[in-house]
Each structure stands twice: as structure tokens, then as C-alpha cells.
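All chains should be modelled from the sequences, with the hints used to inform the complete structure.
Counted from 1, the sequence shown has number 299 at position 288 by my numbering; the numbering is strictly sequential.
Treat the hints with care, as some may be off.
Calculated lysine to aspartate or glutamate pairs in the DMTMM-like style (CA-CA distance at most 20 Å, straight line) [to be verified]:
#1 K190 / E150
#2 K134 / D91
#3 K127 / D103
#4 K213 / E225
Distance ranges between label pairs, derived from CB positions [stated by the list, open to error]:
#5 E159 / T201: 46 to 56 Å
#6 T71 / E171: 52 to 62 Å
#7 T201 / S176: 53 to 63 Å
#8 T201 / A240: 49 to 59 Å
#9 S81 / K107: 32 to 42 Å
#10 R196 / D103: 13 to 23 Å
Read the hints as simulated data drawn from the structure, not as lab findings.
From the three backbone atoms N, C-alpha and C, an ideal C-beta is built for every residue, glycine too.
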Amino acid sequence: MFALSILLLIAAVVLFLVGRGRDTGGWKIGAALSAVAAVLAGVFACVHVVSAYEVGVPVTFGKVGKPITSGVQFKSPFTDVTSFTTRPVDLDLYGKDVVEVRSAQGGVLYADVTIKWAVIPAKAVQLYRLAGSEEAVQERLVVPDSREIIRNVFAKHTSEEGYASAREQIGSEIAALIKERLAPRGIDVTNVNLRNVKPSEKLQDQIDKKIQQEQATERAVEAARTAKAEAERRRIEAEGIARANQILSKSLSDKVLYNQCLEAYREAAKANPVYAVPCGTNANGTPVIVDSTKN
Numbered sequence: 012m013f014a015l016s017i018l019l020l021i022a023a024v025v026l027f028l029v030g031r032g033r034d035t036g037g038w039k040i041g042a043a044l045s046a047v048a049a050v051l052a053g054v055f056a057c058v059h060v061v062s063a064y065e066v067g068v069p070v071t072f073g074k075v076g077k078p079i080t081s082g083v084q085f086k087s088p089f090t091d092v093t094s095f096t097t098r099p100v101d102l103d104l105y106g107k108d109v110v111e112v113r114s115a116q117g118g119v120l121y122a123d124v125t126i127k128w129a130v131i132p133a134k135a136v137q138l139y140r141l142a143g144s145e146e147a148v149q150e151r152l153v154v155p156d157s158r159e160i161i162r163n164v165f166a167k168h169t170s171e172e173g174y175a176s177a178r179e180q181i182g183s184e185i186a187a188l189i190k191e192r193l194a195p196r197g198i199d200v201t202n203v204n205l206r207n208v209k210p211s212e213k214l215q216d217q218i219d220k221k222i223q224q225e226q227a228t229e230r231a232v233e234a235a236r237t238a239k240a241e242a243e244r245r246r247i248e249a250e251g252i253a254r255a256n257q258i259l260s261k262s263l264s265d266k267v268l269y270n271q272c273l274e275a276y277r278e279a280a281k282a283n284p285v286y287a288v289p290c291g292t293n294a295n296g297t298p299v300i301v302d303s304t305k306n
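Pasting the structure below:
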């Protein structure tokens with residue numbers, strides 16, 4: 012813009028000199044318009060507008076100045092201003108940018124991660140010196156550091172912890188380390204979301220085989236437990252029967268048997284005309300009941 016101002020000013024001088032030796036006023040009018048345009052271009056060259064939620068870093072002849080805030084700012088026409096947004100920026104590491112990691116056992120996993128980061132306005136000059144632009148900040152600082160930390164954290168956990176049991180813990184550890192690494196550089200990491208962890212095909216096959224083996228082991232243990240319980244039940248039942256027989260054998264005296272014989276006679280006599288040899292009178296001492304209805 013400043014170069015345009017100089018060109019317009021030169022054009023105004025030329026038009027004025029050419030028009031001075033002529034009677035027509037068109038040259039003078041053109042010279043005046045050029046001069047006005049040159050002044051306006053010079054003014055615009057000294058004004059820079061920093062948009063809302065942005066911070067500007069001025070550079071004059073290679074010297075970096077203090078950061079300038081949003082609004083209309085006056086600067087030297089020889090000053091270039093590089094703007095950095097202070098709004099959170101989403102860095103999505105999935106799809107073709109998915110992070111390939113290895114567990115402590117060597118299993119390959121694929122981690123989908125979204126990192127939300129923003130430039131700290133007070134450290135915009137430091138970021139400019141480290142990277143040079145907002146895009147370079149992400150490509151040179153946020154992406155490589157985040158990938159390194161994600162790989163290092165997963166390398167401390169087993170494959171099962173990585174894709175299942177410890178995902179929340181791993182996500183929190185990654186977030187804390189990324190914030191700790193990038194904050195001193197002027198980058199505020201507001202959120203780290205471990206969206207998904209997927210095992211590789213080879214690791215998935217190993218997981219499936221392990222699950223099958225565990226299920227087979229559980230079935231064998233359950234079968235053994237059931238067989239042991241059944242054997243214990245039968246032992247207890249046999250011991251009970253043996254104990255009952257032992258008690259019964261001790262309680263069957265001659266008087267008890269004689270009494271049971273009489274009870275049997277009474278029950279039989281109620282239904283049929285019978286007579287009986289007195290209980291216990293035969294040679295073996297066994298009661299004899301005779302039915303008179305049979306020959």
C-alpha cells in the first residue's frame with residue numbers, strides 16, 4: 012500500500028508538470044486526484060486493523076515488536092503484521108492422520124485424538140519466533156509434540172488397557188502431558204479427547220484367540236466345580252443313609268419288632284378275616300399271619 016502511495020504521488024507530480032505548460036485544466040485535475048489518492052494510500056499504509064479474537068505481531072525491517080491487540084492500530088508503513096487467532100483451534104488426528112501407537116507388549120493400536128488449542132496472546136511474539144505463522148505453529152509444534160506424547164503414553168500400557176480397561180486414564184495422562192509441554196511455548200491446550208482406540212488386524216486376531224481360550228478355561232473350571240459339588244452331595248447323602256441305617260439297626264430290638272408285628276396284624280384284620288400265630292412263635296422268631304380266605 013505504501014508503494015502504491017509513492018507511485019500515485021509521482022504520477023501527481025508528472026501530471027502537474029505536464030499540465031502546467033498547457034491551457035487545459037484536465038491535467039491539473041488529474042494531478043490533484045492522484046495526489047489525494049497518494050495521501051489516502053499513505054494513510055491506509057499506516058493503519059492496520061486487528062480482528063476480534065486475534066493478536067498481531069509487528070515486524071519492522073526484521074525487528075519484532077510488541078504484540079498488538081484487536082482494533083485499529085497505527086504502524087509504520089514499513090511494518091508487516093502477522094496475525095494469530097486466539098480462538099480455540101481443533102486439531103483432528105484421525106483418518107489419514109490417525110496416530111499409530113504400540114503397547115508395552117508390542118501390539119499395534121490406532122488412536123483417534125482431537126486436540127483443542129489456542130494461542131496465548133501474551134506469548135504471540137515467542138510463537139512467531141518459533142514458527143512464523145499460525146499454520147506453522149500447528150504443524151511444527153502442536154502436531155509433532157502431541158504425536159510423541161501419545162505414543163509414549165501408550166507404550167507404558169498393555170494392549171488391553173489401551174483399547175479397553177484404562178482408556179480414560181490414558182486420555183487424562185495424554186492431556187496433562189500435552190498441556191505441560193505446550194504451555195511454556197505459548198500454546199494453551201483447552202481439551203484433549205481420546206475419541207477411539209482400534210486394534211490392528213493382527214492384534215485383533217490375538218485378542219479373539221485369547222478370549223476363546225479364557226472362555227474355554229472358564230467352562231472347564233465350571234465343569235470341575237459342578238462335578239466336585241455333585242460328588243460332595245453324593246458323599247453327604249451316602250453318609251446320611253449310612254448314619255440312618257446305623258441308628259435304625261440299633262433301635263430294632265425284639266420288643267420293637269414284636270410291637271410292629273401286632274400293629275401289622277391289627278391293620279390286616281380290619282380289611283380281611285385273618286388269624287395269626289402269635290408273633291414270634293415260629294422257629295425263626297418271625298411273625299406268621301394266616302389269611303383264612305385262601306385254602
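_Violations among the numbered hints_ = 5, 7
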